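Engineer: Protein chains in written order, with this note's numbering: chain A, 1 to 133; chain B, 1001 to 1133; chain C, 2001 to 2133.
Do not rely on the hints blindly, as some may be mistaken.
No more than 35 Å apart at the CA atoms, straight line, and that leaves these computed lysine-lysine pairs for DSBU-like [claimed, not checked]: (1) B:K1002 - A:K2; (2) B:K1002 - C:K2002; (3) A:K2 - C:K2002.
Pairwise CB distance ranges (calculated) [as the list claims (entries may be wrong)]: (4) B:A1073 - C:D2060: 24 to 30 Å; (5) C:S2011 - B:D1070: 43 to 49 Å; (6) A:S52 - B:D1017: 39 to 45 Å; (7) C:S2011 - B:T1108: 20 to 26 Å; (8) A:A73 - C:G2102: 21 to 27 Å.
Bear in mind the hints are in silico, worked out from the structure with no lab data behind them.
In this text, all values refer to a predicted model and were calculated from it rather than measured experimentally.
Think of the CB as a built atom: it goes at the ideal place given N, C-alpha and C, for glycine as much as any other residue.
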Amino acid sequence: MKTELLELDTSDRTFLDLTSQVRGFTRDLGDGLVNVFVPHATAGVAIIETGSGTESDLRDALERLLPVQDIYAHRHGSLGHGRDHVVPAFISASVTVPVIDGQPSLGTWQSIVLVDTNPDNPHRNVRLSFLAA
Amino acid sequence: MKTELLELDTSDRTFLDLTSQVRGFTRDLGDGLVNVFVPHATAGVAIIETGSGTESDLRDALERLLPVQDIYAHRHGSLGHGRDHVVPAFISASVTVPVIDGQPSLGTWQSIVLVDTNPDNPHRNVRLSFLAA
Amino acid sequence: MKTELLELDTSDRTFLDLTSQVRGFTRDLGDGLVNVFVPHATAGVAIIETGSGTESDLRDALERLLPVQDIYAHRHGSLGHGRDHVVPAFISASVTVPVIDGQPSLGTWQSIVLVDTNPDNPHRNVRLSFLAA
């Protein structure tokens, strides 16, 4: 299996657009499925539009739905860090995208985005894996 | 890879049951994984029961959790359209289902459903892709 | 395709850690993708940390976001059971994890967890399927 571990820096960033890395990874690979997997318990992968406000809308929605408050049983890390551990139950660590002739078959406005609400760890990995048809 | 792009009309419909199309697509394909992927930034795919009220319960839940109000940074489209862009962060554009002897191994009450909260665009595509074992 | 149907008992348990079963299933299978699929309309699979409070934090979050109240159109089962049918729209029935040399490439703190909020049915299945590279 062709697989690659991206090393990323999320300092001061909740969202990191991985689309160009995924495109580079699948180029020349023909047809198949590409899996994007985050091996961390406080991050997920979302396929959303970027650059038109959706990142901040998603940040606001997460703050409303899973507030950074002292309400979590998980007690490690900074105040409210427990919510970072709940995020991946809703925004999964794994997403799979069809690839045709080396191109992820994304829609015009779709980007593959790492969602990392945890400010305590800026060093992140994402694993890309390709299964050929 | 066997892959097919469905052309769908979601006029006046938030939910569109794709199960029969997926079953038709995988018939005769043997064992493998079928990926259902929506190439739009304002729709997702959910595996839920249909016909017993869950569609309206999910619509109500989305309205409570991501209200159609003037609170979004994304400013295109009709009022509150920004929330349609947040939906796929929670209801992913991609789902993968095991296929055994040409049949998606769904449970008795599971249907594969397009969730499209965006009323502005009734012309939708869904890509079905099959990876054989 | 190597595939296996786990038979599980979720009596009095909302969360069931499946990681060791998945590890046992993929051992000796080399490289590929493992799909974990729940063939039930009232359960999902999440990749989260276990044993540090996140299970109860997720239970609380689900209770806040999808309360067990008499607000659902779905009328079968016990009071508020309609919400169990909404859960899998947000916590998907399907997750796919890359496998390298027989090992699911999970992060240190990640576990693959069945999330079953429905107390009415303790007999549950989970299907594991492996697609080799």
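Engineer: Confirm or reject each hint.
Structural biologist: Hint-by-hint comparison with the structure:
The hinted pair formed by B:K1002 and A:K2 meets the criterion: a straight-line CA distance of about 20 Å does not exceed 35 Å. A C-alpha spacing of about 20 Å is found between B:K1002 and C:K2002, which places the hinted pair at or below 35 Å, so the restraint holds. Pair hint A:K2 plus C:K2002 holds up; C-alpha atoms about 20 Å apart against a cutoff of 35 Å. In this structure the hint that B:A1073 and C:D2060 lie 24 to 30 Å apart at CB holds, the actual value being about 29 Å.
For the hinted restraint 43 to 49 Å between C:S2011 and B:D1070, the CB-CB distance of approximately 47 Å keeps it satisfied. Taking the beta carbon of each, A:S52 and B:D1017 are about 30 Å apart, not inside 39 to 45 Å as hinted. For C:S2011 paired with B:T1108, a C-beta distance near 21 Å keeps the hint of 20 to 26 Å intact. Against the hinted window of 21 to 27 Å, the Cβ-Cβ separation of A:A73 and C:G2102 comes to about 34 Å, which falls outside the hint.
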